[in-house]
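Let's have the full structure, built from the sequences with the hints guiding it.
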Amino acid sequence: MGAAFALAADVLDAEILEAERLNRLLRERLAGIEGLCINGSPTQRIAHTLSFTFGNNDLDLPALGETLAFSSTSACNSAKNVPSHVLLALGLSPQAASQTIRLSLGRFTREQDIERAAESIRACLIQPAFWAVAQSR
Numbered sequence: 109m110g111a112a113f114a115l116a117a118d119v120l121d122a123e124i125l126e127a128e129r130l131n132r133l134l135r136e137r138l139a140g141i142e143g144l145c146i147n148g149s150p151t152q153r154i155a156h157t158l159s160f161t162f163g164n165n166d167l168d169l170p171a172l173g174e175t176l177a178f179s180s181t182s183a184c185n186s187a188k189n190v191p192s193h194v195l196l197a198l199g200l201s202p203q204a205a206s207q208t209i210r211l212s213l214g215r216f217t218r219e220q221d222i223e224r225a226a227e228s229i230r231a232c233l234i235q236p237a238f239w240a241v242a243q244s245r
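Numbering-wise, the numbering used here comes out as the position in the sequence shown, counting from 1, plus 108.
A few of these clues could be false.
Each pair of labels, with its calculated beta carbon distance range [as the list claims (entries may be wrong)]:
# : residue 1 : residue 2 : range
1 : GLY163    : ALA111    : 20 to 30 Å
2 : ALA171    : LEU198    : 48 to 58 Å
3 : ALA117    : ALA171    : 40 to 50 Å
4 : ALA116    : GLY148    : 42 to 52 Å
5 : GLY199    : ALA111    : 46 to 56 Å
6 : ALA111    : ASN164    : 49 to 59 Å
7 : GLY110    : LEU196    : 38 to 48 Å
Honestly, the hints are just simulated from the structure, not real lab data.
For each residue, glycine too, the CB sits at the ideal point set by N, CA and C.
So, in structure tokens, the structure goes:
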């Protein structure tokens, strides 16, 4: 049993390192999106999940769901169309919570999956209408 545990621990350590690398890569690929907020502590976090709020952009969640598996609410509210109570408790407004997605990385997630996820997210951003941008200046 001791040898099996040691092997499992080695595999787990390698998987955590890979998840950290992929997590960084996705954050890099999404950098530059105006208003993007990465929820949670920058240092005290698990590598396998990321939570993003798209503050200055609307995200077309139905379109994104066609190309990417993500969650946009807490598990206990997944059947309802309500913002995550967890995000609300963290201080996000209902509007911000409705523009938040959570992604999970697994042992089978590869770099090309991260690239596709970033492309899908960028493609599903709804840019503000020209008049709204002009009005805000």
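Each hint tested on the structure:
1. GLY163 with ALA111: 20 to 30 Å: Given a distance of about 50 Å, which is not inside 20 to 30 Å, the answer is violated.
2. ALA171 with LEU198: 48 to 58 Å: 26 Å, violated
3. ALA117 with ALA171: 40 to 50 Å: Check passed, 41 Å falls within 40 to 50 Å.
4. ALA116 with GLY148: 42 to 52 Å: About 27 Å separates the Cβ atoms of ALA116 and GLY148, which means 42 to 52 Å is violated.
5. GLY199 with ALA111: 46 to 56 Å: 47 Å, holds
6. ALA111 with ASN164: 49 to 59 Å: The hint (49 to 59 Å, Cβ to Cβ) holds, given that ALA111 and ASN164 are roughly 53 Å apart.
7. GLY110 with LEU196: 38 to 48 Å: Given about 46 Å between the Cβ atoms, the range holds.
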